[in-house]
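Q: For the record, the sequence lines run as chains V and D. Using our numbering, the first residue of the first sequence is number 20, and each one after it goes up by one. Using our numbering, the first residue of the second sequence is number 20, and each one after it goes up by one.
Wrong hints could be hidden among the right ones.
Derived lysine-lysine pairs resembling BS3-like cross-links, with alpha carbons at most 25 Å apart [said to hold, decoys possible]:
{"hint": "1", "chain 1": "D", "residue 1": "K43", "chain 2": "V", "residue 2": "K198"}
{"hint": "2", "chain 1": "V", "residue 1": "K167", "chain 2": "V", "residue 2": "K256"}
{"hint": "3", "chain 1": "D", "residue 1": "K95", "chain 2": "V", "residue 2": "K198"}
{"hint": "4", "chain 1": "D", "residue 1": "K249", "chain 2": "D", "residue 2": "K261"}
{"hint": "5", "chain 1": "V", "residue 1": "K150", "chain 2": "V", "residue 2": "K86"}
{"hint": "6", "chain 1": "V", "residue 1": "K259", "chain 2": "V", "residue 2": "K163"}
{"hint": "7", "chain 1": "V", "residue 1": "K208", "chain 2": "D", "residue 2": "K124"}
{"hint": "8", "chain 1": "D", "residue 1": "K33", "chain 2": "V", "residue 2": "K198"}
{"hint": "9", "chain 1": "V", "residue 1": "K86", "chain 2": "D", "residue 2": "K141"}
{"hint": "10", "chain 1": "D", "residue 1": "K95", "chain 2": "D", "residue 2": "K149"}
{"hint": "11", "chain 1": "V", "residue 1": "K208", "chain 2": "D", "residue 2": "K91"}
{"hint": "12", "chain 1": "D", "residue 1": "K53", "chain 2": "D", "residue 2": "K216"}
{"hint": "13", "chain 1": "D", "residue 1": "K100", "chain 2": "D", "residue 2": "K216"}
{"hint": "14", "chain 1": "D", "residue 1": "K142", "chain 2": "D", "residue 2": "K33"}
{"hint": "15", "chain 1": "V", "residue 1": "K89", "chain 2": "D", "residue 2": "K216"}
{"hint": "16", "chain 1": "D", "residue 1": "K100", "chain 2": "D", "residue 2": "K145"}
{"hint": "17", "chain 1": "D", "residue 1": "K249", "chain 2": "V", "residue 2": "K198"}
{"hint": "18", "chain 1": "D", "residue 1": "K91", "chain 2": "D", "residue 2": "K149"}
{"hint": "19", "chain 1": "V", "residue 1": "K211", "chain 2": "D", "residue 2": "K141"}
{"hint": "20", "chain 1": "D", "residue 1": "K124", "chain 2": "V", "residue 2": "K211"}
{"hint": "21", "chain 1": "V", "residue 1": "K208", "chain 2": "D", "residue 2": "K100"}
Examples of chain V residues toward chain D, derived with CB under 10 Å [unchecked claim]:
{"hint": "22", "residue": "P30"}
{"hint": "23", "residue": "I75"}
{"hint": "24", "residue": "A77"}
{"hint": "25", "residue": "F81"}
{"hint": "26", "residue": "T82"}
{"hint": "27", "residue": "G204"}
{"hint": "28", "residue": "E214"}
{"hint": "29", "residue": "I216"}
{"hint": "30", "residue": "L222"}
{"hint": "31", "residue": "I223"}
Read the hints as simulated data drawn from the structure, not as lab findings. No residue lacks a Cβ here, since even glycine has one placed at the ideal position from N, Cα and C.
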Amino acid sequence: MGNITLGRYIPLDSPIHKMDPRAKILAMLLVLVAIFMPAGWIGYGIIFAAASLTIIIARLSFTFIWKAMKPMLFMLVFLFVINAFLLKTGDPLFTVGSFTLYSDAVFQTLYIAVRLLLMVMITTCLTATTKPLDMTLGIEDLLKPFQKIHVPAHEIAMLISIALRFIPDLIDETERIIKAQESRGVDLKEGKIMERIMAILSLIVPLFVSAFQRAEDLANAMEARGYAPGEQRTRYKVLKMEGRDYILLFGAAALLAGMVWLAYFR
Amino acid sequence: MPISFEHVGYVYSKGTPYEYQALKDVCLDIEEGKITAVIGQTGSGKSTLVQHLNALLLPESGEIHILDRVIKAGDKPKHLKALRKEVGLVFQFPEYQLFEETVLKDVAFGPKNFGASEEEAKKRAKQALKLVGLSEEYYERSPLELSGGQKRRVAIAGILAMDPSILVLDEPTAGLDPQGTEAMMKLFYELNHTYGKTVLIVTHDMEQVFRYCDRVIVMEDGGVRIHTDKDTFFSDPEACRKMNILPPVLIRMKELLKANGFEVADDIITEDALADCIARQVKKHG
């Protein structure tokens, strides 16, 4: 379980790591929109180049991206099979018996695969270079303007940061309980149905018990330190936009503008 | 030797920036029928070491002989159940593994997994609960409503009920009150002396090591720094201090007495004997 790569922070020292989380989140949103512009292969090529450049600057490895992509492969194969049977437009490529594969089925699947790859690249650039805590600070700040229409920006950010904070703990806890129960002869990989159900039960019950215990401890600890939702709070870490953050934002906006032009005005 | 390590290495999160070498070239023989203490600072590899003993973690390099099995680096061994029955591992804070509706059922869970019949498992569970000092009135209670110390005992009974020949305990007394700690250590001592079980205890408490253990393993930075018998280990308090280990009270007391002109024999290892020794010398000098 320690090898989940999607959405994991990688502590490295790079210009991207140092950027303001707000700039990174906004830039990611802009590029995500850009990915969904029907800008054709040239457009995807440009976005791919930009994303690759970001990955290199952030000193992330491409194998890391590939690992994050792997779980999606099954879905893509599944999608291709469906497309192959349903999409009957474009040029017929080949025929086996009564089944003919058309070019659009291949292109549609490829389009989605490329978009997915780009999305994984872009989101990984954000999550791998931004500490979860900085990310929530960024989200909180970006949600601030919506407070006027009663969006509880701080509470949402607090919820996200608590949830994120508990993920590694719960993964560790699960591993610990698996090991403890394996020591008592639980076999998670083999066995009859009833034994398997028992095995899973022997994990879930302790996991729930400890999760509730942790939640209660945390709630008490927060209350003991005077936390009250909705109160005005100051911050230890104040975010500040710098030159490189504006460059990133400008770059992302330019990319989106370029895609819009490629898609609609050419 | 029931368990021996030959040049064992283990790395966590290999191939990621989190990569961490927890064990480095560990060579170690664990003696049968003894109580061995594993000590060392946090992060020295104690917990990683004990998880190799019942093949929860498999070595990245080297090989481990556990009873009649050999586990080599790179192997993907199957049917580890038989092994895990013989090497009972009690984790740190084992009370988190309790899940059944009743104490009796939870303790019987282990033996049932290892193929004992319902009846046999219950019988063994009752014996184990008796050993840890929980009476019949606890059998039908939910393990989740017991106190921390009682939960700990139920969890340990859960391992004892499997009747392992080697018992491995990772900080079994952490968080217990002094009486609970005392009772727990006496239990392990009894299991070793009366039932002949090989016991391995990870601990930070030098008083426990001094009073109950036969052998001492000091882990440092992923390797075994010292492996010797207890008396040799504590005979050089200065060496202990160099490893950031505070010698037990009795040893420190002896040191102070010697420094102040008392004659204290090296074979004095109980408080009573030390008190007699001092009394005699005080009387003599009036």
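Q: Compare the structure with each hint and give your call.
A: Hint by hint, here is what the structure shows:
no.	hint	result
1	D/K43 / V/K198	holds, 22 Å
2	V/K167 / V/K256	holds, 24 Å
3	D/K95 / V/K198	holds, 17 Å
4	D/K249 / D/K261	holds, 17 Å
5	V/K150 / V/K86	holds, 20 Å
6	V/K259 / V/K163	holds, 15 Å
7	V/K208 / D/K124	holds, 23 Å
8	D/K33 / V/K198	holds, 19 Å
9	V/K86 / D/K141	violated, 47 Å
10	D/K95 / D/K149	violated, 38 Å
11	V/K208 / D/K91	holds, 21 Å
12	D/K53 / D/K216	holds, 8 Å
13	D/K100 / D/K216	holds, 19 Å
14	D/K142 / D/K33	violated, 44 Å
15	V/K89 / D/K216	violated, 48 Å
16	D/K100 / D/K145	holds, 22 Å
17	D/K249 / V/K198	violated, 31 Å
18	D/K91 / D/K149	violated, 39 Å
19	V/K211 / D/K141	holds, 22 Å
20	D/K124 / V/K211	holds, 20 Å
21	V/K208 / D/K100	holds, 12 Å
22	P30	holds, 6 Å
23	I75	violated, 17 Å
24	A77	violated, 13 Å
25	F81	violated, 14 Å
26	T82	holds, 9 Å
27	G204	holds, 3 Å
28	E214	holds, 8 Å
29	I216	violated, 13 Å
30	L222	holds, 8 Å
31	I223	holds, 8 Å
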